[in-house]
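Build the full structure now, drawing on both the sequences and the hints.
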Amino acid sequence: MIQILVRYCTLFVLTLLVLAIMSFSLAYLFPGDTLENLTGLVPQNEMQRAALEQQFKLDQPYIFQFFYYAGNLLIGDWGYSFTSGLPLREEVGIAMPATIELATYAMLMALFVGIPLGYYAGIRSYSTSDHLINTASITTYSFPVFWFALLLILIFSLQLDAAPLSGRISLLYNIEPISGFILIDILLSDIENKTLAFKDALSHLALPTFSIGAIATASMIRITRRSVIDVKHRPYIAAAISRGLSSWQIFFRHILRNALLPILPLMAIQITTLITNAMIVETLFSWPGIGNWLIQAIYQRDYPALRIGMMAVSTVVITLTILVDLFNRMIDPSREKYERATV
Amino acid sequence: MSHGLVKRLLSCLCTALLVASCAKQNKQAFYNTGIIYCSESNPVTFNPQLDTSSTTSDASSHQLYDRLLDFDPESGRIVPSLASSWLVSDDGLTYAFQLRKDVWFHTTHYFTPTRNFNADDVIFSIDRWRLRSHPYHYVSGGRYPYFESIGLAQNIASVERINGYRVEITLKRRDSSFLANLATDFAVVLSEEYANQLAQLGTPSKIDELPVGTGPFKFDSYRKDHFIKYLRHNNYWRDQMIEARTNGEVLIPDNALDSANQDFEKERGRGSTAEYHDEDSPVVEQLIFDITPRSSLRLAKLMTGECDATAFPAQTELEVIRTKEDLTLAEKPGLNIGFWAFNTQRPPFDNPDIRRALAAAIDKNTLLEAVYFDSATRAKTLLPAASWAFQNDADDTAYNPVLARKLLANAGVEQGFSMTIWAMPVERSYNPNATKMAELIQRYLRDVGVEATIVSYDWATFRRHLQEGLHDSVLIGWSADNGDPDNFYRPLLSCGAIPSGTNRAMWCSEDYDKLLNDALQTDDIEERTAIYRQVNRLLYERLPLVPIAHAYRYQAYRNELEGMNINPFGGVRFGGVKKAL
Amino acid sequence: MPQYSLYDEEFHPSPWQRTWASFKASHIAMLGLIMLAFFVVCALFAPIITPYDAVEQNIDGLLIPPSWLANGSISHLFGTDALGRDLFTRIIYGCRITLGTAFITVVLAMLVGVSLGTFAGMLRGVRSSIANHLLDALMAIPTLLIAIIIVAILGTGLVNSMWAITLALIPQFVHHTRSFVRAEMKKDYIVASKLDGASKWQLFVHSILPNMTEMLVVQGTLALSIAVIDISALGFLNLGAQSPLPELGVILADGLDVAYLAPWNVAVPGMAIFFMVLSINIVGDGLRSALKKRVSY
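Protein chains in written order, with the numbering used here: chain A, 1 to 343; chain B, 1001 to 1581; chain C, 2001 to 2297.
Worth flagging that the hints you see were computed from the coordinates, not collected in a lab. The reader is advised that the hints may include incorrect statements.
In silico DSBU-like pairs for lysine-lysine, Cα to Cα no more than 35 Å straight-line [claimed, not checked]:
no.: 1; chain 1: A; residue 1: 194; chain 2: B; residue 2: 1224
no.: 2; chain 1: B; residue 1: 1324; chain 2: B; residue 2: 1229
no.: 3; chain 1: C; residue 1: 2200; chain 2: A; residue 2: 57
no.: 4; chain 1: B; residue 1: 1101; chain 2: B; residue 2: 1229
no.: 5; chain 1: A; residue 1: 232; chain 2: C; residue 2: 2292
no.: 6; chain 1: B; residue 1: 1229; chain 2: A; residue 2: 199
no.: 7; chain 1: A; residue 1: 194; chain 2: B; residue 2: 1229
Just so it is clear, the structure is predicted and the values come from calculations on it, not from any experiment.
What follows is the structure, encoded as structure tokens:
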């Protein structure tokens, strides 16, 4: 047990180190002058250049620069954005939770809708209802997320006027970001129209969550269904049937848990897809998340922001992935080595 | 037991229903307290002195600040604002402004004013861009593009304080467009007290980031790419004036005040004073700029009611807005001109006959249809109809390919002569699609035996090469900052505008410059108009450029907004706008 | 598959024939295959099929509605866009560009992924552990992020977005190859070859690779559908192909500007991407279940 923990901790630290090296080297890979990319300032003369170089430690050897950079990352001094002039930590601190919030609700939707449907389809495999579910899931799964979101906007916002299409909440509300999750922040805040604000936030959440969630649900159905069918053909099920267990007993005693095991590692892959989709959908719904922020940064060639944004997003994704893996190892020690099934 | 449960459930349901119905009322009341405007981009700064882009002035000049003078949006005449009246000396060199009393600057979370607006603020605001020695001149870059382009700083001899509420400005030369320049979006009045406070704290650049002004709204917060929030300025002087009037008091016994009030009334829509304290229509407490670069998304937000008004609807979307019953599309001829300029320093375009021939080869009406989708008027001269010097009966070139061929043949231009048309790479209201226009012109020119090639670069390179004079002809335009005709004629075609890079025809004529200078020597509108008629005649004869179109300015908003008004002279303004769902 | 034959020379279908037979049995899968074939034909013969030039503008015919609407005309099947370009032509060329680049991307990623994966699969000990962990870390980085970084370094463009997607697809191939090689290396026939004195290279070429093709085909179709979606997403976000290049995502983004006036400019390219991905997914699914059936018999 402890060995596993230590192993995962080393893995985590090692990966972060690699990421830090990558994001550090980005400063040298971006086109143009490294100093200008880092500072956003164009030095007017050699004196100024030398001063700036000293300030940003560019006159030191690379290895020293790297440790300086890594140190700054650790203490939370992430530099400033070119375009807004705000500290990047603050900007990421606002944008990141917004994305995570969106992805979390979508994930919950995938779990609570996708897994039961997947089980149902798997148990009734090759029946009409299975075919229906399967067709629906492969269709949804084939939607490009940006087009799907556009369709939702067209139908629910513009035609039916049922849900708003941009932002997290009407801008008229002043919600202090405490946790960064809008729903929690509303509950924590002391504004007058709390219920109103909460409803407003929910209606803003509806479309973006659904557009990511539907696609995640579709792949969750496919994964679960396949896993259930796999388990159904195992010899121990045949044994159970021959022992005369009812189909409900077989389901609860054998299929339910055994089919769940291979799904868990696949969730790790889902996280990546989910965050990617969330980042794309954010730009359509003007959701103030990290994807929107990064894409603005690339349009404006805000290099420090890109560097930190890349570091932040990959850290979050990798942390989640590793946690899921670890969890998976904990509940399924039979798995000798870290493995993944196919989608 | 179960009976009790049902009862409890029922009562719960009742409460829920009650809450829901209450919530609906609350909801309306709440949403009425704020106006959301979908703007197109991030402002560069919150001080319009520093930037000429309309995004910056929209977000600041009429929301946060006031000017000494204003343009009346209906007539285009100059009306009092912070200056309640003014006097011009007989030689036209000295301007004395009487300032309004009881005007308060914003009280915000970063500044609390201890005194009200006075002469020091005016002097500070003007000296900041005028004097290089001023401590605030180089704060935030030290460039004041609008004032530089018209050379105003060089023409002001002094700005002096006569007493606390009287300022005197002395010019070196007569300039009849001076008052108009003071009424533009860029000539805002900043707070000197705030500047001093910031200087003491050692953070002078905050003056342009956390602005303080006297305008109807005060700055609250700004998140780049997302929103700008403003709160109502409770001590706004125009509101106080209305209060005073309804209470039957007269605050300032000033002659100019009455006219100011009347103009103000007009601006706010009739009878607004009476409604002002109506319980049913709550005061607008918040103004929010929702920054939405994509025009289709702005329209979508307007349709769902997430925005109450939107900036720059695209030409292709106008029809859609017109068909929606809950939306209003306001249009006004804008103060702009889109034109086709020839590089008159390059042969054979130095020959007016050739220029006339090319002008006769194109059909302007088709250009208007295809490029502007009929959202523009045909331009005869440089001046649009919104300007007071507009000449309705000016001469105009006509589509005549036969004449064009003849002129070209007479001038010795062979068939198959080739030239370049430069098409600007960006959308502007005066030319929403220059490439498309260039392609159309290309086809017309082919009919008269001229082979045209279309040239385009990215915007920065494009402007640099234009300034170097590498073009044969260019499709570009001009948006004016005030209604004064000098604002069109001087930057576009005077000799002095060649080096500063606004004279795209590279045309220099002594006659023309002399006429323009003569026009500035008089304040008599009739006299000036007569001079500009001569200018138009001269331009028609020499034809350094072909005026094509004056595009309309559009603003789309929801019907709930009352008192929205397009201001042809500068940016959008929300002072006095109300919302009733 | 029981066979009753009176003759001694029984017909033994090859594994591929058997897969094909069970694939054919599924109507849906066949439908998907026909759809995919249609897209492939469009992509291959785009210049022959299309009536117009994909980038030439026509000022006289702006925003002509598609032919099935009242005021549409048959000369422009899907209507025209805001610059008068024929939408049908652009969509066909869009299929060519999107599907073509996606295919190239997948092949590239497969080549690199399989070689790396085999290498990792044959490695043992600490080196293997480090390689694998790094790989897993890389696999977790979202495609969009890789694309953003590549765009920041190299600038926008179709080719650069192809690099980004190749990079993002490689880890999956590495991963599957590695697990496959791992599992295979333990099998008896490999041990037998080893005992025969086969070198690692010979082992790979003669024993493992032939067994791997099926896995690669299934993974390839999966990767292809991901690649199509990603390429068009990058084009849509203005990070990949640039207008006026007729890439489906770019056409969609262009159409968004006139969405109210000409909704077909958004609907048609979106449908094209959707059906392309759908057909690839259906074929992939069909292939997979066909293979599974074959193995289980």
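Item to check | Holds or violated: residue 2200 of chain C to residue 57 of chain A, with C-alpha atoms at most 35 Å apart | outcome: 48 Å, violated
Next on the checklist: Tell me if the straight-line CA distance from residue 194 of chain A to residue 1224 of chain B falls inside 35 Å.
Outcome noted: 26 Å, holds
Checklist entry - Does residue 1324 of chain B pair with residue 1229 of chain B here, judged by a C-alpha cut-off of 35 Å? => result It holds: about 28 Å lies between the C-alpha atoms, which stays within 35 Å.
Item to check | Pairwise hint evaluation, residue 2292 of chain C against residue 232 of chain A, where the allowed Cα distance is 35 Å at most | outcome: 14 Å, holds
Checklist entry - Holds or violated: are the alpha carbons of residue 1101 of chain B and residue 1229 of chain B at most 35 Å from each other? => result Within the cut-off at roughly 28 Å; holds.
Item to check | Proposed proximity, residue 199 of chain A with residue 1229 of chain B (alpha carbon, max 35 Å) | outcome: It holds: about 22 Å lies between the C-alpha atoms, which stays within 35 Å.
Next on the checklist: Hinted pair, alpha-carbon criterion (35 Å max): residue 194 of chain A, residue 1229 of chain B. Please report holds or violated.
Outcome noted: 20 Å, holds
Comparing the model with each numbered hint stated earlier shows that hint 3 is the single one that does not hold.
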